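Please put together the full structure from these sequences, using the hints given.
Now for the letters of each chain:
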Amino acid sequence: MLLSYLPVIIMFGFVLFLASAVLFVNKVVGPKNPYKEKLSPWECGMEPIGDADTGHFRVHFFVIAILFIVFDVETLFLFPWAVVLKKIGLFAFVEMFIFIFILAIGLVYAWAKGALEWV
Amino acid sequence: MDINTLIEVALITVKVILVSSILFALPIPLTWIERKVAGHIQLRLGPFRVGWHGILQPIADMIKLMFKEDIIPDKADKWLFKLAPIISLVPIFLTFATVPVGDKITVLGREITLYISDMNVGILYILAVAGIGVYGLIFGGWASNSKYALLGSMRSSAQMISYELALSFAAIGVVMVSNSLSLVDIVNSQKVSTWNICYQPLGFIIFIIAGLAEINRIPFDLSEDEGTLAAGYHVEYSSMRFSFFMLAEYVAMVLMSVLAVILFFGGWSGHAILPPIVWFLIKVSAFIYFFMWVRFTFPRYRYDQLMTIGWKILLPLSLVNILITGLFVI
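So the sequence lines, in the order shown, correspond to chains A and B.
Counted the way the working numbering counts, the first sequence spans residues 1 to 119.
Counted the way the working numbering counts, the second sequence spans residues 1 to 330.
Simulated from the structure, these hints should not be mistaken for lab results.
A quick note: this is a predicted structure, and the numbers were derived from the prediction, not measured.
Please note: incorrect hints may appear among the correct ones.
[Claimed, not checked] Below, computed lysine to aspartate or glutamate pairings styled on EDC-like, alpha-carbon distance capped at 20 angstroms:
1. A/27 / B/61
2. A/38 / B/70
3. A/36 / B/61
4. A/27 / B/70
Take a look at the structure:
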């Protein structure tokens with residue numbers, strides 16, 4: 001059991017090592033010639049206007065993320081159910097679909113409210 | 001600790017180093033092939049100057065990137081900016097810890113498995129760990145403190161989480177047929193009966209569309225839409241940090257091809273005239289070629305169309321797929 005998760009730790013260490021080694025070589029051989037214009041945010045060659053991180057954007061991401069959490073938890077619920085579905089049979093199948101149906105109503109509601117429209 | 005466990009650990013270490021090194025070097029041939037495919041689809045020759053048919057071009061590119069300045073914008077959040085490429089790179093490598101390329105071979109009287117580890121939660125582990133890569137994009141775009149980068153990262157993270165749902169639902173269809181989450185068991189169950197593509201045609205279509213969106217490739221590469229966003233979340237990156245994002249994207253493409261082969265096309269099973277691992281490589285190459293072919297055939301979607309496809313078509317369709325599969329399984 002432990003042996004099947006050990007590779008993850010070894011791999012994490014090795015890939016991190018590879019990445020740092022490459023970055024180190026880059027740091028050694030790459031030129032360093034920073035000046036003000038080079039270090040300013042890229043905006044098609046114009047002087048940048050305002051900051052990006054002070055929030056002048058309407059970010060629709062929030063609603064999508066909440067919807068995602070609901071369905072992602074459902075995915076986690078579905079995986080163990082799918083593995084043993086043959087054994088537990090029709091009862092569990094119907095029960096799961098009642099659950100999915102309730103979630104689907106939520107999706108339809110979000111859809112009708114226009115939460116899925118990006119523009 | 002007895003001697004057998006030690007040998008086992010040593011074997012695992014060797015396999016991990018081998019797999020990671022191969023994946024790290026894989027974009028070198030893949031970029032060359034991609035540019036050649038692009039060239040020939042568009043009736044050009046593609047790279048031709050450096051070496052035979054331009055075969056040394058990616059190596060020249062790599063050396064060029066290595067000798068470039070690593071620019072860190074003065075308004076950027078320095079820590080996150082440096083960390084983001086690594087966050088997007090490492091998880092996609094970690095998924096390969098459980099990806100099998102074959103069953104078992106016997107070397108010097110010792111059975112060696114052609115996978116690093118056969119986790120009993122295989123497919124769930126892959127989906128979960130691959131999901132961590134999204135943080136790399138968000139951090140990269142946010143830390144750059146540039147408008148294009150911020151918009152690009154918002155777009156691509158919203159896109160990736162939207163399509164992750166359809167992707168996992170399509171994978172659940174396969175799990176229902178195969179009764180296991182372990183990738184080795186899924187392949188073995190397809191050896192007994194036929195390939196899952198026969199039971200899950202709808203699931204496969206959903207999987208491949210969602211997969212294209214998940215790895216940010218055309219027709220869904222909205223995050224790096226040159227026409228509106230310059231380069232998306234990595235617009236401020238240069239040198240090796242930029243190439244880490246590209247590397248992660250190529251490894252993700254390989255992962256998606258491997259998953260499509262294992263879940264739907266029987267993994268390494270095939271006619272006995274060729275060894276199993278050759279079958280596996282042929283199938284994976286076919287999928288990689290398919291992804292390249294799609295890239296140079298289709299135009300890019302608009303962002304609202306992308307969201308419509310993800311939430312209003314693929315998600316309900318994948319739920320229907322689970323319903324139909326369940327009715328057949330019971």
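The hints, checked one at a time:
Distance hint between residue 27 of chain A and residue 61 of chain B is fulfilled; the C-alpha atoms sit about 17 angstroms from each other, no more than 20 angstroms. Using a Cα cut-off of 20 angstroms, the hinted pair residue 38 of chain A and residue 70 of chain B holds, with the two alpha carbons roughly 11 angstroms apart. Taken as a hint, the residue 36 of chain A and residue 61 of chain B pair is broken in the structure, with Cα atoms around 27 angstroms apart against an allowance of 20 angstroms. Between residue 27 of chain A and residue 70 of chain B, the direct Cα distance comes to roughly 7 angstroms. Compliance with the 20 angstroms bound is thereby established for this hinted pair.
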